[in-house]
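Engineer: Throw the hints in and build the complete structure from the sequences for me.
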Amino acid sequence: MTVAERILGSRALAALTSPHGVDRYLELVNPMWAATEVRATVVDVQRETDGAAAGAAPVATLTLQPTRTWRGHRAGQYVQVGVEVPGARRTTRCFSISSAESGRGEPFTITVRAHDEGLVSKFLVHEARPGLIVHLSQAEGEFTLTESPATPTNNRLLMISGGSGITPVMSQLRTLLRDGYDGHAGRKVTFLHYARSREDQIFGEELNGIAWQDNGVDVHLRYGDDVFSAEALARLVPGYRDTDTWACGPAPMMALVEEAYAGSPRLRTEFFKLGATAGTSGSAEGDVAFTRSGSSAPNNGATLLEQAEARGLEPEFGCRMGICFSCVSRKTEGTVRNVLTGEESSLPDEDVRICVSAPVGSCSVDL
Amino acid sequence: MTTTETTTETTTETTTGTTTGSTTPKKLTPEQLEAFGEELDAIRQRIIADLGEEDATYIRGIVKRQRQLEVAGRALMYLPPAWPLAVAALSVSKILDNMEIGHNVMHGQYDWMGDPGLSSRMYEWDNVCPSDQWKYSHNYIHHTFTNILGKDRDIGYGILRMDEDQKWHPYYLGNPVYAFLLMVFFEWGVALHDLEVENIVAGKRTFSDNQALHKGILRKVRRQALKDYVLFPALTGPLFPLTLAGNATANLIRNIWAFNIIFCGHFPSGVETFTEEECQDENGEESRGHWYYRQLLGSANITGGRLFHIMTGNLSHQIEHHLFPDLPARRYPEVAGEIREICRRYGLDYNTGPLRKQLGSVARKIFRLALPPRREQSPEPVAERPHPSQPTTRAA
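These protein sequence lines map, in sequence, to chains S and E. FYI, in this note's numbering the residues of the first sequence are 1 to 367. FYI, in this note's numbering the residues of the second sequence are 1001 to 1396.
Check before you lean on any hint, since a few could be wrong.
To be verified - Computed beta-carbon distance windows for the label pairs: (1) E:V1221 to S:E258: 48 to 56 Å; (2) E:A1082 to S:R6: 28 to 36 Å; (3) S:R71 to E:E1038: 47 to 55 Å; (4) S:P31 to E:Q1280: 51 to 59 Å; (5) S:R24 to E:F1180: 32 to 40 Å; (6) S:R266 to E:F1207: 52 to 60 Å.
Stated by the list, open to error - In the SDA-like style, the derived pairs of lysine to any residue whose C-alpha atoms are separated by at most 20 Å in a straight line are: (7) E:K1227 to S:L8; (8) E:K1064 to S:P19; (9) E:K1167 to E:L1149; (10) E:K1204 to E:H1214; (11) E:K1064 to S:A34; (12) E:K1027 to E:L1149; (13) E:K1064 to S:P31; (14) E:K1064 to S:S18; (15) E:K1227 to S:G9; (16) E:K1167 to E:E1277; (17) E:K1227 to S:R24; (18) E:K1227 to S:L16; (19) E:K1227 to S:A15; (20) S:K122 to S:P58; (21) E:K1215 to E:W1188; (22) E:K1064 to E:G1117; (23) E:K1064 to S:N30; (24) S:K122 to S:G51; (25) E:K1027 to E:T1275; (26) E:K1227 to S:P19.
Calculated directly from the structure, the hints in this document are not laboratory data. Values in this document were obtained by computation on a predicted structure and should not be read as measured data. Glycine included, every Cβ here is placed at the ideal spot set by N, Cα and C.
Structural biologist: As structure tokens, then:
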């Protein structure tokens, strides 16, 4: 820690800048100065695929130079990226980190597919230019390598991915190759990836290079109709259920993978949260889950506050008419309709006033 | 926007801008109330749909200016000849922080931006009152039950007699003194407001109900006092007493300013108070139209220039604020003309005037209500109202 960091993080400075905190002052001078918050400058944007393949959206890799407050990441983790989309609305999404493990303040990359319904991903792929400032969380997630590249072993590792689910396992593969000895992963690694088509393959060139070198890594790329099956996996890795496996991909593929592993503890999975499909407006279908209390029941169409109370929960509330903001809670998934304005919103991880928000279809709220 | 035939016919004998004390407000029929509410809802929808870059740029500009003034104020304390300038900069910084930024951000006016620095859940202001406690008593109790006697604790703040319908007691002979003390120690009054001391005295609340609040208040007071009365003075070394006095003066100026602006919001003569029964429709509930009606008649504006409006946190548009408490305050001047026009059509009083007039009116009321009501002035004796139970319990 440098002297400047020590001063910025000191309790004395925190007391002097109370109640706002040091960062609220620093950001006005230079957005890349921070004492506790994490931000990054986009330093490079590279197109991975152009999205010309049928039904595929373009993909780009963004290199981010974080503030010194970034504590680094372990291979397989994700980071929350907040951008100000047009209309001055800060919107935040999770993205897996695609580069090898980073240390404090070190640059890293995220690889993003511009989904049609993805406000942030579209912005990052199409609008982001070097110089853009984004807001970050620290790296999060437990989908990480359990062993260190520092020690070669005879363990076998299996990585299964589909589509843009390749990003966290790519970080793991890159870490093993970078931090192993003589460019060797130090163990046998089977890297199995399913892409929509050859044109839609992310990191294709690099993976071909890895496949040709003597580095302990077997790369298997599958395209189109050649989808995941337990039989094909068994031919590739006999006894796969007893092999440490990391799997990440779209929900249908993940369902097949989980079925193939039949509850084996060797399988580690990572899911991507996609915008839930909204039900018909005003209808009461789907389930409403209050995740903190573990309550899930059919949606009866009433406001989230009323549904929570009907299940015996006691969320904080005030005016019950949308003006006092006492009841603001975090909706993690699903669509809600503002009963005053009729406005619907499907953003994941969004703060809503539960007294005037009625779920449309399935919905999860942190209550 | 459409208005029904019946509502446009009501444009007779409108006295816009006048604040005659004792006249009863014009009552609207349920149909009129509904149409009135719909017109206001339409304005609200239009502004919500229009929120965007301009609002974000505005509030960020104000925040930047406030932080610059604060830093300048703290720095100028090192130059004794510049002491008045330092105090002025720090005072303006604290006023902006509490009013145009703090009050408005904590109302959730900028929550749509998704910026944690401007979020109602996270913002903490430069004031000894902890923001979470203030949001409860202000956003919930005061804004929901505005000017309902026995419900809105901001009518006299539990200390003063600010309405004829508050029963007189010899204690209120001290009304002007209490008001003066509240002005000088306003931030402390705001912090202690949540403890509902008057309800403890009345036996409706116990000391233990407040235990959870004490901790939050003490923590906030400690931080504020440490910063303004120990650390910053200490940093100026031999100028310690001067800096301490400067910081205290800045807090005092902020207190006086905030008190005066806020008292002009609900206490000038002509502002109405309501009973719970008056607010209920045939179903025993208050309609949205009546809610708007009550917010309108229970508030008063102050006229002035753009800078004045900013320095009041746009609470000079108290009427618009009470109609739309969660819309960015910079929008209030923009809709004020329309609101006035709607009021004229419905024959409703729109209470506004320059600061000196509104302040004079409030001051007269503070003195007048210190004394018991004169018999001949109250033709129908005000019945002892059954005091509805106070919402004293707090959701976890």
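Engineer: Checking each numbered hint in turn, tell me which of them this model violates, lowest number first.
Structural biologist: Of the numbered hints, all hold.
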